[in-house]
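There are 2 protein chains.
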Amino acid sequence: MAQQGTVSGARRPRVVIVGAGFGGLEAARSLAHAAAEVVVIDAKNHHTFQPLLYQVATAALSPAAIAWPIRHLLKGQANAQVLMTRVLGVDAAANEVTTEGGPIAYDQLVIAAGAAHSYFGHDAWEPFAPGLKTLEDALDIRRRILSAFERAELAGESETAPGWTTFVVVGGGPTGVELAGAIAEIARDALKSEFHHIDPAASRILLVEAGPRILPTFPDRLAADAARRLARYGVEVMTGAKVVDIDAAGVTLEGGRIAAATVLWAAGVRAGALTAGLPSEHDRVGRARVAADLSLPDHPEIFVIGDGAAVTSPGGAPIPGIAPAAKQMGAYVGQLIARRLSGRLPPPPFRYRHAGDLATVGRGAAVVKLGALELTGFPGWLFWGLIHVYFLIGLRARFLVALDWLWSYVTYQRGARLITGT
Amino acid sequence: MAQQGTVSGARRPRVVIVGAGFGGLEAARSLAHAAAEVVVIDAKNHHTFQPLLYQVATAALSPAAIAWPIRHLLKGQANAQVLMTRVLGVDAAANEVTTEGGPIAYDQLVIAAGAAHSYFGHDAWEPFAPGLKTLEDALDIRRRILSAFERAELAGESETAPGWTTFVVVGGGPTGVELAGAIAEIARDALKSEFHHIDPAASRILLVEAGPRILPTFPDRLAADAARRLARYGVEVMTGAKVVDIDAAGVTLEGGRIAAATVLWAAGVRAGALTAGLPSEHDRVGRARVAADLSLPDHPEIFVIGDGAAVTSPGGAPIPGIAPAAKQMGAYVGQLIARRLSGRLPPPPFRYRHAGDLATVGRGAAVVKLGALELTGFPGWLFWGLIHVYFLIGLRARFLVALDWLWSYVTYQRGARLITGT
Chain A
1 MAQQGTVSGA RRPRVVIVGA GFGGLEAARS LAHAAAEVVV IDAKNHHTFQ PLLYQVATAA
61 LSPAAIAWPI RHLLKGQANA QVLMTRVLGV DAAANEVTTE GGPIAYDQLV IAAGAAHSYF
121 GHDAWEPFAP GLKTLEDALD IRRRILSAFE RAELAGESET APGWTTFVVV GGGPTGVELA
181 GAIAEIARDA LKSEFHHIDP AASRILLVEA GPRILPTFPD RLAADAARRL ARYGVEVMTG
241 AKVVDIDAAG VTLEGGRIAA ATVLWAAGVR AGALTAGLPS EHDRVGRARV AADLSLPDHP
301 EIFVIGDGAA VTSPGGAPIP GIAPAAKQMG AYVGQLIARR LSGRLPPPPF RYRHAGDLAT
361 VGRGAAVVKL GALELTGFPG WLFWGLIHVY FLIGLRARFL VALDWLWSYV TYQRGARLIT
421 GT
Chain B
1001 MAQQGTVSGA RRPRVVIVGA GFGGLEAARS LAHAAAEVVV IDAKNHHTFQ PLLYQVATAA
1061 LSPAAIAWPI RHLLKGQANA QVLMTRVLGV DAAANEVTTE GGPIAYDQLV IAAGAAHSYF
1121 GHDAWEPFAP GLKTLEDALD IRRRILSAFE RAELAGESET APGWTTFVVV GGGPTGVELA
1181 GAIAEIARDA LKSEFHHIDP AASRILLVEA GPRILPTFPD RLAADAARRL ARYGVEVMTG
1241 AKVVDIDAAG VTLEGGRIAA ATVLWAAGVR AGALTAGLPS EHDRVGRARV AADLSLPDHP
1301 EIFVIGDGAA VTSPGGAPIP GIAPAAKQMG AYVGQLIARR LSGRLPPPPF RYRHAGDLAT
1361 VGRGAAVVKL GALELTGFPG WLFWGLIHVY FLIGLRARFL VALDWLWSYV TYQRGARLIT
1421 GT
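Those protein sequences? They're chains A and B, same order as listed. Once you know that position 214 of the first sequence is 214 in the numbering used here, the rest is easy, because the numbers rise by one and skip nothing. Once you know that position 169 of the second sequence is 1169 in the numbering used here, the rest is easy, because the numbers rise by one and skip nothing.
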């Protein structure tokens, strides 16, 4: 690694940030004026706007509409550099991260490595029920959804095709609700009048939730509104339905079997191997238990932020695994490190401010809970759209995504109905 | 296959069209008012606008900007249906095509299966020097180009990294010229100021052509203009340079060795296995020799159009493998079959009308030869852009592509700089 030789020589403390998601990127930006060398490491070349991944997975947006090269985003920050490589582990004794490209030394380390899917001990389900965390996941899900209709058309009505146009989404949180609603839009609207041997509108779309209701983090009234709307779009919402098994032909629930060629997983997350391997205590999903300043109790120079951090707000409520939480942690840690490096007092303990919850529920509808504000239906959708366009990076992305949504809304079409990678 | 049972019963003659490129799609559309059942079969779900594939490969456009679901394009045509499956062969004795989804019977058959890359007997070169025919090819090439810079940055200046930022494009036709010019744009403009350990502008980009000059189908003056402009952008144009070997570390020419991590193939095409296996004579690149009406001499019910057809214009010149030629053949065969099915006289022999040749040569420049009209530089580029936007399908694609080009021109950026699929 050149970095070690060439850059350590500069004698400025090096802050290594692993992961350029919402948390890592925010941490890097908060260090823009710090007397530090900031090294951002990510296995991908792009930052992904995860809240809209489900729209790539359901053929509404192209990957490039919601992802940007990390080094382009940090181009204007003179003290930051970006390396694309996979981080394999942390050697806390040697103050080094080991990567596929060799070891990289750090003075301060921020682990912002995000979350992976958790199949609750049933890793064998993964190939049959992919989750949605990366652009690759989204393109894989897009391929599965669109291919299911093509295979059914090819087989035709004469053959029994059990479950080829049955779609099961496991997990009734925002991602599951958004996926199920968008698949219903595809089946009912976008594919209308394009098939000869099947009727896509007759597809079954099931949203399966083990708990007593969908959208558990939302107020009752909003969750009930979402469930009603999903039902109206033809999504069968099954609550209290526990998954016992998943295979290539469908899903087995405690109450019975659903034949389905396409099963998607939106039920559980856990911390990735990197976070789970850190020298600290972990909670049951592998997240590192951090101190009030988000550092590891025995390693004040190592911070964990975002989905990998098990931190409880001073108020007592756990912090949700959403973009605003990761960003707040990133900003906090960046500021803390900047103060530490310049000898100033540390900031007070991290305090999460929950802004609210949003989720779309199919064509032109969303549920929004923002402080005292509660919206449903079309007003909710407009608000949801404005918020998401606002948080996209760059005028170009905002304009293109807004345009794509307007076009989809007017024409009932989807802009990226491609099966690629086969 | 349901098609055979359910649809043969309708008793209308069935025209099967294999491949939904420019030729196949045009043939299907020409049969819109024929008393026939039209079945379009393609292994992909999308029609690809191949002339702009190099822009996907060089991160300027997203796949969805230049590809559309075939069944969406034929949605309005009541007598047409689309099946997504791979065609494995033609059983001319049984009047059936065999597919991965089972056999499909035909009364009239149009093979419009396009071309594959030809490595002139050196198929071992293919993994090291991919060609550009499909969206998957384009995304693979995009990944290779962008990853080369990332790997070089990771290794840093201290390590010798011979050829990591050397790009060799083999073949000086329009595709090779466009790829080389666009890679130069990436290296000189789009990546500027984003790397710390390498200078992308110092990359070597070589365009290697075995013949005496690039763009052999263009007039001398235009080819010379293109070569001059490429040189000005820093592309080393090597003519009379014969490739002897390609491996993971570079290219061996008759005159010497070039270390290069990225080699792209734009040198030769041949017909695919399906066309090469048809019951007819073939030329040396596997194209089927067809009669003056584009049918096989012994099988008047089987037609071959587009890149797979070896046909000589009545004038004597061979027909180039470009979109307008495929479209003209598709329209001709569609019309011929429609006449045949309604008992009318056949049209006169197929006659190719060559409209012209166009190729971009990097940022804001193109060479255009259209009848007496010859354009170079910026006027050529404007004309090239207008023509290509005009031929894109749908207002949405035209608008988005035009906007992307305008944005790229103004900002020097590329809209889809993503490494995916790793």
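Certain hints may be false.
[Said to hold, decoys possible] Lysine to aspartate or glutamate pairs mimicking EDC-like chemistry, simulated, CA-CA at most 16 Å apart:
1. B:LYS1075 - A:GLU194
2. A:LYS75 - B:GLU1194
3. A:LYS75 - B:ASP1189
Please keep in mind that the hints were generated in silico from the structure rather than gathered at the bench.
Here is what the structure says about each hint:
no. : hint                 : result
1   : B:LYS1075 - A:GLU194 : 5 Å, holds
2   : A:LYS75 - B:GLU1194  : 5 Å, holds
3   : A:LYS75 - B:ASP1189  : 13 Å, holds
Going down the numbered hints, you'll see the structure goes against none, and every one checks out.
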